[in-house]
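Build out the structure end to end from the sequences listed, making use of the hints.
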Amino acid sequence: MIASEKFAQYAEYALQGMQLLFLKFSRDDEREADRLGVEYSSKIHYDAHKMADFFKVLQKMSLSESQGGVPTFLSTHPDPGDRYNSVNQKATEWQNTLQYSDWKINQESYLQMIDGIVYGEDPRQGYVEGNTFYHPEMKFRFSYPAGWQLENQPTQVVMAPQDGTALIVFTLASGQSLEAAAQSTIDQLGLTLQESKRTTVNGMPALATVCKQVSQNQSTGQQQSLQILSYYIDYNNSYYVFHGVSAEATFGNYFRIFEGTMTNFARLTDASKINVQPQRVQVRRVPRTGTFASVLSYYGIPQAKMTELALLNNLELTDQVEAGRLIKIVGK
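Every number in my numbering is 462 more than the matching position in the sequence shown, counting from 1.
Simulated crosslink set (DSS-like; lysine-lysine; CA at most 25 Å straight-line):
hint : residue 1 : residue 2
1    : Lys566    : Lys790
2    : Lys552    : Lys566
3    : Lys512    : Lys566
4    : Lys512    : Lys790
5    : Lys659    : Lys674
6    : Lys505    : Lys518
7    : Lys790    : Lys522
8    : Lys552    : Lys518
9    : Lys767    : Lys735
10   : Lys794    : Lys735
11   : Lys518    : Lys790
12   : Lys552    : Lys512
13   : Lys505    : Lys552
14   : Lys505    : Lys566
15   : Lys790    : Lys767
16   : Lys518    : Lys566
17   : Lys767    : Lys794
18   : Lys552    : Lys522
19   : Lys601    : Lys735
20   : Lys794    : Lys601
21   : Lys522    : Lys512
22   : Lys518    : Lys767
23   : Lys767    : Lys522
Simulated restraints, written as ranges between beta carbons of each label pair:
hint : residue 1 : residue 2 : range
24   : Tyr761    : Asp625    : 38 to 46 Å
25   : Pro667    : Asp490    : 52 to 60 Å
26   : Arg729    : Thr617    : 16 to 24 Å
These are computed hints drawn from the structure, not numbers from a lab. We put the beta carbon where it would ideally sit given N, CA and C, even for glycine.
Quick look at the structure:
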């Protein structure tokens with residue numbers, strides 16, 4: 463993977479997505495969090511055994527994905543099954559110590575609070591179809607290279623090939639003009655400007671730059687050199703910027719790939735791409751006692767989605783659910 467710390471810090475190397483946030487915490491930290499969570503919830507008379515159920519769901523997630531490999535972030539954490547047993551044990555110990563008789567769960571009231579919340583990614587904040595990224599709120603689109611991974615974050619979009627030898631970062635730039643935005647970025651990242659030209663991208667004013675960055679690899683101590691192609695684009699009273707980054711030795715191989723993505727940036731006018739709506743959690747009552755699968759069928763849930771919703775409710779499809787019980791389904 464390319465390794466300039468300065469540019470990596472700016473780009474956050476979002477190839478790892480939110481996994482990086484998980485990895486900041488050690489297994490010991492999480493065990494301590496479990497211990498404190500049980501203690502605090504027990505002291506205010508909540509049944510901490512229900513906290514353990516969350517780890518049972520994580521364990522089910524691990525098992526359901528085991529054929530394709532356990533999700534990487536889960537492998538860095540204490541085993542969910544162990545945490546389930548540990549939290550249950552600690553909950554029992556605290557309940558025996560406190561000797562309270564009416565432990566709170568309040569499941570129905572909490573379920574009603576989440577009725578209507580967004581489930582999964584909100585496409586209004588950006589989504590991918592094929593190899594095109596659409597942003598309905600900001601009304602732009604661009605295509606990115608086939609086979610590359612894309613990570614949509616709140617302040618930037620990052621794209622990279624599987625081998626991590628290059629990177630495209632798309633974000634907002636600040637400045638009073640395209641030139642000022644470019645200079646601010648150059649100063650911030652410690653870049654050396656090699657080329658600069660005014661151009662247009664699909665009718666929008668733009669500034670293209672090629673920069674170089676030389677730094678020392680903190681792991682090897684060796685000097686390394688990166689080249690960066692940037693396109694600053696003036697659109698809707700904001701400055702957007704693409705940065706295409708690779709090692710200097712391979713920059714020529716990636717230049718056209720970078721440029722192809724950057725010059726593909728365009729206004730989004732297709733109403734069908736703009737008027738998308740997110741999936742939302744819908745809290746519903748079980749109409750009559752039966753298996754969870756039969757309840758999902760009653761609500762018109764397709765067979766292909768039933769396993770996912772069973773996991774969402776921490777149930778098995780064959781479990782009997784009583785009439786009147788609240789469950790979660792997903793829809794628009």
